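*Asks:* Residue numbers (my numbering), protein chains in the order written: chain H, 1 to 154; chain G, 1001 to 1280; chain L, 2001 to 2402.
These are calculated hints, taken from the structure and not from any lab test.
Note that the structure is predicted; figures quoted are calculated from it, not measured.
Check before you lean on any hint, since a few could be wrong.
[What the hints assert, rightly or not] Each computed DSSO-like pair below joins lysine-lysine, with the alpha-carbon atoms no more than 30 angstroms apart:
1) L:K2221 x L:K2012
2) H:K38 x G:K1199
3) G:K1079 x H:K123
4) H:K39 x G:K1199
5) L:K2127 x G:K1261
6) G:K1261 x G:K1079
7) L:K2127 x G:K1079
8) L:K2003 x L:K2221
9) G:K1129 x G:K1257
10) L:K2003 x L:K2382
11) H:K96 x G:K1199
12) H:K123 x H:K38
The lines below spell out each chain.
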Amino acid sequence: MTRFLRPLLVLIGFMLLSTSTLAETPFPTIHEPSDESKKCIHPEDEMRRNHMNYILHERDETMHEGIRGEPEGLANCINCHVEPNESGEIAGIETKEHFCSACHEYAAVQIDCFQCHADRPQKYIDRSKHSSSLRDQLQRTLAAAEAATEGARP
Amino acid sequence: MNNSKETAEVTTPVNSSRRDFLSKAAVAGTVTIAPGIFLHRTAGAAVADTDVSEIEASEAADMNTSVSTRPLDQDVSNKNRWGMLIDTTRCATGCTDCVDACNEENGLVGHGRPETDTQYIRKVTLKSKSTGHELSLPLMCQHCETAPCADVCPTGASFVRADGIALVDKHICIGCRYCMMACPYKARSFVHEAVENQKLTAPRGKGTVEACTMCVTRVDNGGIPACVEACTAENHNAMIFGDLRDPNSPLSIELKKHGGKQLRSDLALNTGVRYQGLNE
Amino acid sequence: MSKIEYTSLEGKSLPYFGLLGGLAFMMLLAIGSVFYMEHEGHHVTGMTNQIVWGMPHVFAIFLIVAASGALNIASIASVFRKKIYEPMARLSALLAIALLTGGLIVLLLDLGRPDRLIIAMTYYNFKSIFAWNIILYTGFFGFVGVYLWTMMDHTVYKFKPYAGFSAFVWRLILTTGTGSIFGFLVARSAYDAALMAPMFIVMSFSFGLAIFLLVLMATYKWNNMELGDVVLNRLRNLLGVFVAGVLYFTTVYHLTNLYATQHHDVERFLLLDGGILTSVFWIGEILIGGLIPLALIYAPGVKNCRTTLGFICAMIIFGGFSKIYTILIAGQAYPLEIFPGYEVSSSFYDGAINSYTPSLPEIMLGLGGIALTLFIVAFALKVLRFLPVSLADSVADPHHVK
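All chains should be built: construct the whole structure from the sequences, respecting the hints.
*Replies:* Printed below as a string of structure tokens:
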């Protein structure tokens, strides 16, 4: 099935590209890790073509079989490739500057990863303020529920 | 054991060496809980050597020690069945340590809309209609062996892992909410709004259903769920985590000794979470 | 009886385009609502973690149930060989397909992730009644499509009885599947009843026929085509039987629950203490959807009155919505009984009666489904010959003596 589908999709892709997109969208600049000693776990062109297969494979194995610790996970991509810029800010997935969206926007391929996964390494996320507000909210709701039950008792 | 909570909050600085970094990250974000795990593992070995019959319920802290020893490159199997025992007589009304730990662990935040905000675990206050006896207990996904959520899910996104942990594969969840209709424990929440900055070990997003995962990443790495850890760390000792299939696990021994009730046992779902002290 | 002549609508009049335009506008509003709901997330709807299925599901389930019922006219003609229904078989099949399309679109667009339709089509959990339903719906399109083809193309006309029979069996299975969505839910006190499946089948007979009658009368009236009393009175009597059937199943369902002590609390809620939900049950479902139409159907004074028949159908449709609303919403509003014998409270609304206020976008989405259904029918009537040129008594009734 995919054998026939792929050439077809490529053809459609070319047709779309050859019309307007190619002229308007500049070739994306891809963020390279600032630490030049870091090398990707696979050669660059291999990753460009097949990163989705690696991620998908790892995804299903981890989710259903509990296999963890393989290097080909999404989090590892993010940890190397998403870094703050000179002004210390991180470009989110909704911007073209994000490592993933830069290419994906260019290739017009929608990514379905970041509705659930963080688009940046954990160390850049500040969580200090959240938990206490939730605790207050839960306690308020509980108090209201208990008051309602009390009121219902004869 | 008590210091595991403190150590859990220490973030390991990221190593600049790539290989080192990768291997750290490869244990799927458990850098933060690694110290805790180490403690549990050591304690686990100690328990195995002692005469199990001597363990008293008061030593629940030591009982939370039967943990996963599966190498992470091997599939989960039905050799283990992870479960929990909750002693409601030790669970204090008004205490929300387990709930707070869960929210912290999974990055759950409120939006001021309690009707749509996610809760993996909640404290339920009970009052017997006949005797007036009051008690309090934590209620979360009961991790049924034959889970109604997994039965009804059209895509197979709701499933029970071989080791008994019920999960939602959010990659293939279409957000139909039939599992929420089917769950007898109201254990599931629907993500009603966009989410960002999720925890590494708790991915969650708009339009999918979610529930307690028994802190599956922690469990896989030989740890215990955050709620149990918090309850133990605060010396309430109302929760025991362990392997139901291992007859020598503290959990199984305690269950054999004093029993444990399954909620809605009439449905014969064989839940992984059991309760003590629920006698009208 | 002579050969039936069929015709298509001319469809060039201003009212016709007005109708299409109005329906298209409703669909546009529905699409807008969907974008709003899916962009913001479901918190902008009335649905919560307590009431997980709301207004879109009421509309969707109503349309899906009615779809299989609308096929009845065709089935009576080809499976039970009643000649008088024969001319209306094409319209019946068309309406069935259109209703199912409308219902499914609403269901699909309310999903948390409607963009993952492809996953719903490629990942199957065969233990899930929902997954079976996906197959049943797809199959329904196939069977009814082929059935329509055998009716409209003379080269394959000889296969019509087989196609008709297959479609009939399939629709029974389909409605069984729809009813079992609730019947198989062991967790909730108001569901978990084998009776759900047959009750949904009788509901489909009733709702489907009511819609069919309205569409039939409107089409013939607006196009100045002849529609005789013989046909209408036959259908009216049939409708009476179906409405009584729905009332019967509803009674048995509640009686069974009332007999078992463990269900007394939920029945008290449904029948007495449920507030607005109880009103919807007694006034909407029983009175407007059942007793009044039944009385009017058999009232001698209004036997040939088409306005009355129109009102009867409208009331049955309203009652149908009320019935599905009570099944769906009241079933969820009543709390899960996790701890029998205890009074329960929590921050997650354990033990509390849950409230539900439908939001405008949800209702717009549901109405959009109805608009789509009617749009498909109106459009199809123009492009293909679905309608008998005349349904006057002399044409329709084989025993009618000139």
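*Asks:* Are there hints from earlier that the structure breaks, and if so, what are their numbers?
*Replies:* 3
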